[in-house]
Every structure is written in structure tokens, then in C-alpha cells.
Amino acid sequence: MPLGKLAEIAEGELVGDHGTVITGVSEIDKAQAGDITYAVNRHYLDGIHKSRASAVVVPMDVTKLDRPMIRTKNPYWSFAKILEVFSPQAPRPEHPIHPLAYVSPRATIGEDVIIRPFSVIEDGAVIGDETFIDTGVHIGINARIGRKCAIHPNVTIRERCHIGDNVIVQAGSVIGSDGYGFVRKNDEYYKIPQIGNVIVGDNVEIGANVTIDRATIGKTIIGSGTKIDNLVQIGHNVEIGENSLLVAQVGISGSTKIGENCRFAGQSGTVGHLTVGAGCTIAARGVVFKDLPDGSFVSGFPAKPHREELKIMAALRKLPELVRRVFTLERTLAKLEEK
Amino acid sequence: MPLGKLAEIAEGELVGDHGTVITGVSEIDKAQAGDITYAVNRHYLDGIHKSRASAVVVPMDVTKLDRPMIRTKNPYWSFAKILEVFSPQAPRPEHPIHPLAYVSPRATIGEDVIIRPFSVIEDGAVIGDETFIDTGVHIGINARIGRKCAIHPNVTIRERCHIGDNVIVQAGSVIGSDGYGFVRKNDEYYKIPQIGNVIVGDNVEIGANVTIDRATIGKTIIGSGTKIDNLVQIGHNVEIGENSLLVAQVGISGSTKIGENCRFAGQSGTVGHLTVGAGCTIAARGVVFKDLPDGSFVSGFPAKPHREELKIMAALRKLPELVRRVFTLERTLAKLEEK
Amino acid sequence: MPLGKLAEIAEGELVGDHGTVITGVSEIDKAQAGDITYAVNRHYLDGIHKSRASAVVVPMDVTKLDRPMIRTKNPYWSFAKILEVFSPQAPRPEHPIHPLAYVSPRATIGEDVIIRPFSVIEDGAVIGDETFIDTGVHIGINARIGRKCAIHPNVTIRERCHIGDNVIVQAGSVIGSDGYGFVRKNDEYYKIPQIGNVIVGDNVEIGANVTIDRATIGKTIIGSGTKIDNLVQIGHNVEIGENSLLVAQVGISGSTKIGENCRFAGQSGTVGHLTVGAGCTIAARGVVFKDLPDGSFVSGFPAKPHREELKIMAALRKLPELVRRVFTLERTLAKLEEK
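Residue numbers (my numbering), protein chains in the order written: chain A, 1 to 339; chain B, 1 to 339; chain C, 1 to 339.
Hints may be right or wrong, so weigh each one.
The list treats identical chains as one, so a pair stands whether inside a single copy or across any two.
[To be verified] List of simulated lysine-lysine pairs, DSBU-like, C-alpha gap at most 30 Å:
# : residue 1 : residue 2
1 : Lys-30    : Lys-318
2 : Lys-50    : Lys-5
3 : Lys-148   : Lys-73
4 : Lys-30    : Lys-64
By construction, these hints were calculated from the structure, which means they are not laboratory data.
A quick note: this is a predicted structure, and the numbers were derived from the prediction, not measured.
Sequences and hints are given; from them, build the entire structure.
Following this line, the structure appears as C-alpha cells:
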């Protein structure tokens, strides 16, 4: 692939020879001749003189380099575009709908759909055009999957759940499992039927082995553009706004509402029945116990304003010393009192 | 469905017209005409005048309402009964044991069992009457599943594990994976064979993508009536009593014994080889490091009596201020001493 | 099995009758006549007089016992060897490669491979000799699985990932899911293609419902001999050294490098882009926020040297009392000043 063509795809400005042939992509320290690499900021360029990369995607403030470069406003995005060029593509299978898949005669399958062996499309399910369903997937009764989705192996999407367009579900995830709802009666727990569903918007990505429970009644909602990492738990009747990020092992308890553009860092979470405003950031391991206004940045258990938590953390490290200082004060004061 | 009939099912007392036709269930703020909704306590009725619900399930202390109501001692349970009426039921499949399932000729299948495509019942396995096994399930060699169970898609129940009656296993869960047992030898870890099994009692529900390890020798035990939420980890040789609750992302380390009627809130856990008495509550994120007597209510890391933990949490928020106060004391005292 | 033969297998010294017939293995308190049990140290022998075990594996410092014993330097390892003898073995199936599996004609299958129903071996995949692939497994395009591996039900190993020899993957795990990589552009998140893979060394064990993400570019690496427990999350481009332990629900964020012989206790983790040296121990729930030198023993959030964390924990329990003491000091000092 000529570098000039890549610069176009990357929406960047090429400094160097348009015809330089690029044969691969690599990290800056592992690049071989023929590879293109990237630097998100100038700091990444420190080791560039040792790199064997043939070209580099750089931010606009880089004006000079010892080799060809593509200058761009958003180097990471430009590099993503270049990665697309070099992504290995599986050849279109001989049988788009594999004879070893089970597709109900009462299901509706769009154009150019691929369904791999041992996947199941149940009665009344609808699969949108150009969607790819890998092996061992379960699409339940009356579930709807949008267009251009990729559903990876061994995913379960239960009955009546709706998935938007351009959604990716990584392997092993479960969408539409029963919510955790029981009521105590005669010293036992009685199951509350979970008859709602899950609605996933467009352009959502759901990681591997994620669990998203269906609503008791009504809907559990994942807003368009939201990206969910591996092993995340979303309880019943949760609503998550658009373009939010939930990093690995996050847990959102039932009926909590989360605004758009929120970021939940790894292993953080919320208790149930809360409202988290738009644009909130919850730091790693933070657990939200009460409603948060828009734009909050919180951390800790229970989650507090991040600056407050940082002060507490700093003070905590000095706590053993503080105990000694208080002891000294007590002794000194006692002596003074004696006098 | 006439309201009078629903009142009977809900074991409640109808105030209003027996013939009112109810066509659905809904949350109080989303109800449409024809819907029945519920109020767990009087507080829930604040917005009732704005609701379009045609009837409400209410607690006994509600004596007057602007529309038909079903008065009951346990409104949440009554509502669960009503939800059952309105739960969509999948029609009985044409082939109860689907020709695309693999059922060993040496397995024993009860009456009225449903087995969906691409599920596997291995040699010597026993499936009880009226049990439903969804697609992509693995029932291992000599495993036993009781009567009236529902095993959801892509669940794995390994060899020799026993599941009681009326058990629900949500999608993607693994019962009987090898316990995490290794012994150091010659600078490497040597695997300790895990030859025990898992015994799950009656009326247990296991959430999605849960993992329950088989015992090294002997049994990992989940007591009857216990309800386990999504992404919970149960180590080898753990024993959990009856009617306990384990909320999402809880982790119970190996060989720990937990009594009946315990409640583990989200992301809590225990270290291994402990005994947690009956009726204990472990608050969210609490981690138990030592044996707990019956009826303990603990929180924090390590878990402490909840009241003690609350006091520590409250004091912690004032810690930065405390540091300043100690500093002021030191200065004041130093000045005083000088005099 | 005669006890003399077991002593040989256990590499131990028999004290007692070589011909004693052993018919099973058991825990010390549950043993029946005919069972052999073990005591890792002398403390375990306290209850031995009440045990019905016919023989015991003991450490070398035990010189006298009321019944036959096998003395050995590493009783736990010796017991593991004996457990192997008593492990139930599944009979070799009639059809090693089951006719209900889907094996691409462009896959390469070694000698004595077993592939169970509804598993998929995609184009270009290679399965090493004597490897066992249970039901519902996905082996992606051009993936390579080594010799003598056991891949349990419903596991997904995505395209181009490499698994070494003697590797065990428990049920439901996902190897090679896309890393969590997105770049913000026009108020939305744009997916960064994840075109790297995962390399798993020899003798690795991966628990149930684990997720290991493929690298963005390059490799996510799990070193030989490393043992990963259930529900662990390994981010993209992580590198883990040899013979490390990651206990259940651990999370390792992207691009972090972990040395050999490390131990991550339950629910611990690291943020991304760190280096954790060899031989480090991270206590339960510890979260590493900065590089750790070899041999570190840390705990807490953020992880600190364990001794420092213990002191903070101890001081924390006295914090409410400390607040009162400071208040008393302030009053006493104020009175003194008045004088």
C-alpha cells in the first residue's frame, strides 16, 4: 500500500514520498522496515531514531522527522483507519448460512447475512442485512438484531431483546438473562418473573463474557455508541446513555440510570436505583452510593469528589504517624498540666 | 384477565369491580389503561394520581384509592404471581428432543423433557421430567439434572455434578469446572486433580456467566433455595447453606462454609477456609477474613461489624481536617511550652 | 491399589504393610475404610485418631502414627500424584472426531485428537496430537492449539491465537476477544481494530469464563506454567511471565507487563501500562498503580508495601477514637491557655 494512499485514508498530510510502500503496522519499538507506526504525542517520538519503521503517523505539532510522516489532528484515529486497511479479513464462506446452523423457518434473515455452524436463530427472530453470526450463538424467540452487526461465538441473546445496527458482541456474552429479582415469602425466596427485555442501541460494543439482564417489566437500555468492556455486569432495568464507557469488571446494579458520555473505570460500580448524570467519571474501584449531578468526577468507596478522595488517601498514608503525634501531644500536654 | 381472578391468584382482597379487564403489567409511571401496577409501600403511591394504571396491588394499610386495588400482606409477592400470568410462554416445540441435539444412547431422559439444538447430553447423564435444556448446553458424563429445571443457552454442567429440582441456570454459566489447586514442585506448579463434584439443591437459581468449581475431593454444595446472581465465583469445596443470596460479582474462596439465610451484597467476598454463620449480611464490597458468628452484619475490607465500619468511614472523611487540627495543636502547645 | 505401589507413585517412604488395599481418596474427616488421606503438616494430624482412613500421606517429620503412612518431602504433591491414580477417566469415545463436529477441510488435525459434537475447527487451524476438544468449542481461523491440551465446553479461541502444549482451558473462557480500544472523534468513539493475537505458553491453565483480549497490534502473552483462575480479565497487549498465579476475578489492564513467579490474590488488579517485577505478591483486592520492583509484596488501594498497609489498617480501626482524643486535647489545651 503506497504511503500517499494511506495518508488519504488517514485524513492526514503526508510529508515524504507518496510512493513509499507500506506493508504492515507495528508498535514503535517493534516496527520492521515497511511498517508504519504512530505517535499519539511528541513524547512517543523519543525512541523514534531507534525504530525501523518506514513511516510514522504524528500530531500536527511535529514538523520535522528523520523519515516520512503523516501529520494529522487525531493521530490515534488516523492510525485506527490505517489499521483497518491492514486488518486480516476472513474470506466470505462458501455457505453464508451454514447448513449446520439451525435457522427457524419462522425467522427472518436479511440480505448478505452470514450464520456459522451450530448457531441457532429461533422462531420470529429477525437478523438485519450484512450481519455476521459466528458459531454457537443463540438468538432467542422474537429477538431482533440490526444490520452490519458482528455476534461472536457462544453469545446468547435471549428472547425479545433488540440489538441495533453496527453492534459488536464479543464471545460468551449474555444479553437478556433474567434479572435478579426475588421476594421473601414463608422463609424462602420466590422468583419474580422477568418479562421485560434489553434494548441495545446502534454502534454499541459489548465485550466478552458480559452479562446484561432483561428488565423485570419494561426495558434495560444500552444507549447508542456506548462501549462495554469484558466481564461487566448490568442489572435489570438499568438505563445507560449514549457514548458512555464501562471498563472491565464494572457492575451496575438494578434500575440505575446513567447519563451519556460517562466513564466507569475498571472494577467500579453503583448501587441500585440511582441516577448518574451525563459526563460523569467514576475512577477505578469507585462505588457510587448516591445520585451524581452532570460532570461529576468521583472515586473511592463510597464514591466522593475525586479531589476530596485524593486528600483522604494522602492523609491516610500519614495516619500511623498521626497516631504517634497525638500520643506525643497527650504526653506533652499532661506534663504541662502537671506543672 | 378479569381483576377478580387476579386478586384470587395474588391471594389479595379486591376493592373495586371484579370484572375490570386487565391486559398487562407495568411500572407505576409507565402504565397504560388496562395495566395493573403495584406499590410495595404507601410511599410508592405518591404519583398514583398521575398513573394511567387500571388497578394497583397495594399493602394492607392502604384503605382508600382513586381506582381498583388488590390489598395484600405481601404486595411484591402478589405482583410476582400476577407477572406469572402475563409472562410470555414459548410454545412447546414440535420436536421436544430436537434432532440436532446430541443425546447419548446411554443417557436417561425423563418425561416431557425439552432439549434444543446443539445441546449435548453425555453418557450416563440423567435429565429429570419436564426439564428444559436450551441450545448449546453441555451436560457431562454421569451428571444428574432434576425435574422442572431450566438450563439456559451455552451453560456447561460438567461430569458427575448433581442439580436438584426446579433449578434455573442462566446462560453461559459453568458448574463443575476444576478447582484452582496447584502445588509448587521444582519451581513449577503441579496440578492437583479435582475429582470431586458440585451438588446444587432444589429451587436454586444461578445467574449468567457464573462459575462454580468442583471439589478437589468431596463436594462443593449450593443449598436449596439459594439464589446466585451473575458473574459470581464459587471456589472448590465451598458449602453454601439454604436460602442464601449472593449478588453479582461476589467471590467465595475455596473451602469456605456459609450458613443459611446469608446475604452477600455486590462484589463482596470471603477468603478461603472460613465459616460464615447463618443469617449473616456482608455489605457491598465487604471481604470476610475471619469466621463470623450467626447473624453478623459486616462491611469493609477487612470486614468489620457494620456499625464500626460506618464510624470509621465517617471519621475518614474528616481525616484531612484532623491532620490540620493536630498540626494546630502542636503549634499551640509549642508556644505554650515556650512560655 | 496396593499401598506399596501408591508409595512409589508418590515418591514417598512407606511405613506399614505394602499390601494394604487402597480403594479411594478422601479428606481426613470424611475418610472411609479403604481411603487414603493426607496431612500437609503435623497440625492436620490432630484429628487423625478419629479418622477411618486406612493410610495417610504425611510430611517427613512425622515418625510415628497409629496406621500406615507414606512419608514424603512434599505431601501435597504426593497426594496430587495419588489423586491422579483415582481420577475417573472418560472412556475413549467411539468416534474420536465426532461426526457432529464441524472440522474445516483446511484445518490440520494431529494424531489421537478427540473433538466432541458441535465444536468448530475453522480454516487453517492446527490441533496438536492428543488434544481433547470438548463440545461447543470454537477454534478460529488459523488458530494453533498445541499437543495434549484439554479445551473444555463452550470455550472460544479466536482467529490466529496460539496455545502451547499441555494447556487446559476450563469451560466458557474466551481467548482472543478484541481489546478495549476506542478513540474519540466527533463526540463518538471510533473502534481501533485489534489485529494482534494471544500467545499462551505451555502448561498453562486458564479457569472458567476467563477473558483474554488479543493485542491491538503484536501479542498478548501468557507465560508458560502460569495458572489463571475463574473470571479473570486480561487486557490487550498484557504480558505475563512464567509460573505466575492469578486468582479469581483479578483484572489486568492493557499493556501491563508482569514478571515470572508473581501471585495476584483474589479480586486484585493493576492499571494499564505498568511493569510488575518478578516474584511480586499482590494481596487480595490490591490494585497496583505504579511499577513494582522484583519481589514486592503489596496490598491496598492504591497498592503499598504490605507492612505499611497493615499499619494503616490497624490505625484506621482506631481512627474514631483518635478523633475523640484530638477533641479532648483541644479542650484541655484551650483550658490551659485560658489560665
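Hints the structure fails to honour: Structure breaks hint 1 only.
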